[in-house]
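Chemist: Please model the complete structure; the sequences and the hints are all you need to start from.
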Amino acid sequence: MVGTELRNIRFQGGGTYLPPYFDNFGFIGDLKWEKTDLEVAFLIDTNDPERLALILNPKQAVSLIDLWRGPVASFLRKQVGYSTDLVKKALGLLEGLVNLNIDGDGDGKINALIKYVPFPTIIAAQAILEGLEINGKLNAWGHEAILIIQGDKTFNNISGSLKVLEIDLGFLKIKGTDDDSLDLSLKVTPSEQYLQGDGYLEIFDNEIANVEFQINRTNTTFKNFDLSLGNLLNIDVDALSINIKSGNGSGLGTISVFGNTLAGIMFDVTQNSVNLRDIRLSLVGFLILAIPNLTVNLKNQSATGTANIIAFNQSLGSGTLSFNTQNVSINNVALNLGNVIKLNVPIFKLDLTNKKVFGLGDVTLLGKQFTALGISLNESGFQATSNFNFGILAFNGATVTLSKGTNGNINNSASIAGSLKFLGYTFANITASLNSSKLIASGSFNFGGILILKGANNRRNATITLNRAKNGLHNWVSIMGSFYLLGQELTSLTIRHNNSALKILGMHIIRKPNHSKGIHK
5 MVGTELRNIR FQGGGTYLPP YFDNFGFIGD LKWEKTDLEV AFLIDTNDPE RLALILNPKQ
65 AVSLIDLWRG PVASFLRKQV GYSTDLVKKA LGLLEGLVNL NIDGDGDGKI NALIKYVPFP
125 TIIAAQAILE GLEINGKLNA WGHEAILIIQ GDKTFNNISG SLKVLEIDLG FLKIKGTDDD
185 SLDLSLKVTP SEQYLQGDGY LEIFDNEIAN VEFQINRTNT TFKNFDLSLG NLLNIDVDAL
245 SINIKSGNGS GLGTISVFGN TLAGIMFDVT QNSVNLRDIR LSLVGFLILA IPNLTVNLKN
305 QSATGTANII AFNQSLGSGT LSFNTQNVSI NNVALNLGNV IKLNVPIFKL DLTNKKVFGL
365 GDVTLLGKQF TALGISLNES GFQATSNFNF GILAFNGATV TLSKGTNGNI NNSASIAGSL
425 KFLGYTFANI TASLNSSKLI ASGSFNFGGI LILKGANNRR NATITLNRAK NGLHNWVSIM
485 GSFYLLGQEL TSLTIRHNNS ALKILGMHII RKPNHSKGIH K
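In our numbering, the protein residues as written are 5 to 525.
If you're looking for bench data, these hints aren't it; they were derived computationally from the structure.
Careful: at least some of the hints might be erroneous.
Derived pair list, reagent style DSSO-like, types lysine-lysine, alpha-carbon separation capped at 30 Å [claimed, not checked]:
1) K157 x K191
2) K346 x K474
3) K408 x K442
4) K346 x K359
Label-pair distances were calculated between CB atoms; the ranges are [as the list claims (entries may be wrong)]:
5) D182 x T265: 28 to 34 Å
6) T265 x G146: 35 to 41 Å
7) K474 x T265: 48 to 54 Å
8) R81 x E134: 15 to 21 Å
9) R81 x D240: 48 to 54 Å
10) S286 x G146: 43 to 49 Å
11) T357 x G401: 27 to 33 Å
12) S417 x T357: 29 to 35 Å
13) N348 x N238: 31 to 37 Å
14) D187 x N247: 20 to 26 Å
15) Q305 x L356: 14 to 20 Å
16) S322 x L256: 23 to 29 Å
17) E196 x N348: 50 to 56 Å
18) I454 x T357: 48 to 54 Å
Even for Gly, the Cβ is constructed at its ideal location relative to N, Cα and C.
Modeler: Pasting the structure below:
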């Protein structure tokens, strides 16, 4: 072997009673390779040089990789001729995972560090089985470990084991299930090499028994276990693969949250977070939140995700779902309800018991925004209560309601009920209809006992219609009905809102200055 020195050699020979009488030769001695001292035993059949045996045992810790790549592989290539690629792959896997400075395994038995014997034999009165064996003690993940690698004499079948107290990657730990050690099997094929086993997994503040796992050069993969994330949601994990160095990874499983069970969900993990991809949550009985990315922050035990909000058979707008162990809300909500009502709500709180969402926000009706309204949304529809001043007319102490139709869709017309204020007069208990273009109030309107507006030809109800402005102009009012003065129907009527003047037969009946809009009838 190139680069080696033999000392303290003891020879061994064997013969027969037939010529050439001498049929095997071997020696035992001390081998010095570079700065490493080893015990070496060598045996060769003189009748068949391919029948040889080699055993190396260290007197000190030695790099298994360096030793194999150095004198051992060189010797085996020259003397045996079999490919050692599978052994290289096995050692390459281990080199990326553990410290391969290896020593005797310390179990009290005479074990070789490296042994290659293509046939059963006896060396130094010890029976040696056929094949390849690497057996030693090393340091793995901060703990003492015992490594055994075994193979047949052609190196076509390589397997092994690694016995260690635990695997500690910092962001997760794997411990033995049944005793104080973790037993790993080494699997080696031309296409893949990995360690596998089942153990007690500690991850994301979870402690889970009997978890199957595999470890290759870059990733650790776990299968078939349940994971609880910050008391926020649960994942029945089919598979989770995590990069050993970064702690980042991805997985697939079934998510359980807020009564939803979602199968086939892909998710990504870091050391401090879990991101669920493309989930649809059903909340409070009528909302569906389609969330491309729901991120669980494991440090502060909270989850957030921007969602497309769906209800009443249509997409209504967007918001950000946010929840922790105590509260659930949808923040920064922007909704369009049937093109009748637009909402902007900083925080929508979810009442999971009463199946509704509620909060303070802005409501836009007929192009005019009303701020800081109390808003509620449930499976029946929308409701908000406030004062609504449209300039020309106003509703005070009013409630706006937009309901769901029999087909499940949101209606295209809302109602507003309250006290109507028009031309300086207040009319109690008025209910008006409201759509995207106009507000219509119906009833009999008494202007201070002097003038009454009601239906034409003594019909009960007249209508006051507030029309939405077009092309940047102001909202304007139209009236259908008749005015009555002292019981007599008036036929000549002009209303000019620019100075709040009401003229009948050319006479000013009502005049309130400081207004700017104009209405004609």
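Chemist: Against each hint, give a clear statement of whether it holds in the structure.
Modeler: Verification of the hints:
{"no.": "1", "hint": "K157 x K191", "result": "holds (17 Å)"}
{"no.": "2", "hint": "K346 x K474", "result": "holds (18 Å)"}
{"no.": "3", "hint": "K408 x K442", "result": "holds (20 Å)"}
{"no.": "4", "hint": "K346 x K359", "result": "holds (21 Å)"}
{"no.": "5", "hint": "D182 x T265: 28 to 34 Å", "result": "holds (33 Å)"}
{"no.": "6", "hint": "T265 x G146: 35 to 41 Å", "result": "holds (40 Å)"}
{"no.": "7", "hint": "K474 x T265: 48 to 54 Å", "result": "holds (50 Å)"}
{"no.": "8", "hint": "R81 x E134: 15 to 21 Å", "result": "holds (19 Å)"}
{"no.": "9", "hint": "R81 x D240: 48 to 54 Å", "result": "holds (50 Å)"}
{"no.": "10", "hint": "S286 x G146: 43 to 49 Å", "result": "holds (46 Å)"}
{"no.": "11", "hint": "T357 x G401: 27 to 33 Å", "result": "holds (29 Å)"}
{"no.": "12", "hint": "S417 x T357: 29 to 35 Å", "result": "holds (31 Å)"}
{"no.": "13", "hint": "N348 x N238: 31 to 37 Å", "result": "holds (34 Å)"}
{"no.": "14", "hint": "D187 x N247: 20 to 26 Å", "result": "holds (24 Å)"}
{"no.": "15", "hint": "Q305 x L356: 14 to 20 Å", "result": "holds (18 Å)"}
{"no.": "16", "hint": "S322 x L256: 23 to 29 Å", "result": "holds (27 Å)"}
{"no.": "17", "hint": "E196 x N348: 50 to 56 Å", "result": "holds (55 Å)"}
{"no.": "18", "hint": "I454 x T357: 48 to 54 Å", "result": "holds (53 Å)"}
The structure is consistent with each of the numbered hints, conforming to all of them.
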